[in-house]
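Visitor: Each chain is listed here by its residues.
Protein chains: 2
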Amino acid sequence: MKYRLYYWPEIQGRGEFIRLALEYAGADYVDVLRHAADHSFPEKPAPFALPYLVAGKQVIAQTANILLYLGPRLRLAPRGEAGRLWAHQLQLTIADWLVEAHDTHHPIGSGLYYEEQRREAKRRSADFLAARLPKYLDYFEGVLGRSGGSWLLGKSLSYPDLSLFQMLAGLRYAFPKAMAGLEKRHPRTISLHGRIAMHPRLAGYFSSERRIPFNQMGIFRHYPELDSLRNNSKKT
Amino acid sequence: MKYRLYYWPEIQGRGEFIRLALEYAGADYVDVLRHAADHSFPEKPAPFALPYLVAGKQVIAQTANILLYLGPRLRLAPRGEAGRLWAHQLQLTIADWLVEAHDTHHPIGSGLYYEEQRREAKRRSADFLAARLPKYLDYFEGVLGRSGGSWLLGKSLSYPDLSLFQMLAGLRYAFPKAMAGLEKRHPRTISLHGRIAMHPRLAGYFSSERRIPFNQMGIFRHYPELDSLRNNSKKT
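Order-wise, the sequence lines are chains A and B. Position 133 of the first sequence, counting from 1, maps to 133 under the working numbering, and the rest follow consecutively. Position 141 of the second sequence, counting from 1, maps to 141 under the working numbering, and the rest follow consecutively.
No copy is singled out in the list; a pair is fine if it fits within one copy or between any two copies.
Taking lysine-lysine pairs in the DSSO-like style, the calculated list, with each CA pair at most 27 angstroms apart, reads:
{"no.": "1", "residue 1": "K155", "residue 2": "K184"}
{"no.": "2", "residue 1": "K135", "residue 2": "K177"}
{"no.": "3", "residue 1": "K44", "residue 2": "K2"}
{"no.": "4", "residue 1": "K44", "residue 2": "K135"}
{"no.": "5", "residue 1": "K135", "residue 2": "K155"}
Just so you know, the hints here were simulated from the structure itself, not pulled from any lab data.
Just need the whole structure built from these sequences, with the hints factored in.
Guide: Right under this line is the structure:
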């Protein structure tokens, strides 16, 4: 099966969670809006938002839904239903976390510029770094501690591991100071990040032009003024 | 199978999307924190957040994941994989919409009071009502128009129909003025809401004490000052 992935060509964004699964598995795919000569969209009505994946006659949207579909096919999810639901549950929790990471710089509206919501972004970021980021990190550290292996589901890597790696990578880019203070309490998560970064096939991907660098258009953005717990998170 | 649903007892919230599926299907379930004598949580580690469903030995969290599990069992989803993924894709889009509806009154932090983020809530609500709410309503109206039937998936009701009903009900509670202005352009969605409201088994549920009324603690809240397109959505 040759997969066709449709996603914005300038950013990692949500598409990166799909790219990592495809790259890790060595799947046959094309990142259509970046690398295909034929950019035409499928005839079916467009989904609400990118990314979407075309697999034969199927058009599948929503990042977590695409991974739900790909998981067993790429051997990145358990075969049994209970295991697949557990992997998906972790992925949906990562999806929630990702929205919160995005909204640190866009708390008012995704169609407005950052500069139009900078004041609100400072407050939201302070709340995120103080209240939400530690809660998510603690949760995944706990899952790793109880899994019976070095991956979220135990002894085998599954697609949520790749997504957790991506969260760590993005958060380090966006909030280097805050993350430096939090990482020592999350050794299992940091170890997972390092193991995935060094995986031979992914290391090749990361050093290729296929991996788009983090930048100030994506979901994870580095604004130094947001990387601080000291912004006022009380009422203005 | 007797299902045990764990969710906050004072609000509809995310739990309501599960309750509606269970009630519509006439499933055997207990809303544990409201109606069970035994409130004990399962021994397994707690999920990141409520709701979760206990089904035999399984503990399943994340609203859309619970519906993914329940769908075929309650005959509220197609049997084939493509149909199940399509239903789930719609549910995940509703989940995104729900987060945005919540964040209209809590744009800075879910742990802060509304009164601590009222100024930001006005801006976020104005953006939501002008840019986001019409986009979601248009999308689902389009899906209904192309489905080949009077439900999202065609001729049979599936769980995303119940969730779309709940979105409409909640948005009408939270934003009566804005919704009044938008509804005439979305006749299929409004019709779906009416048909589900009058379904005999659900009508019984809605008039029972099992249906928690909308209130100012839930995801959908009615603050009259937020129900206006005229709040400044430009930079402060």
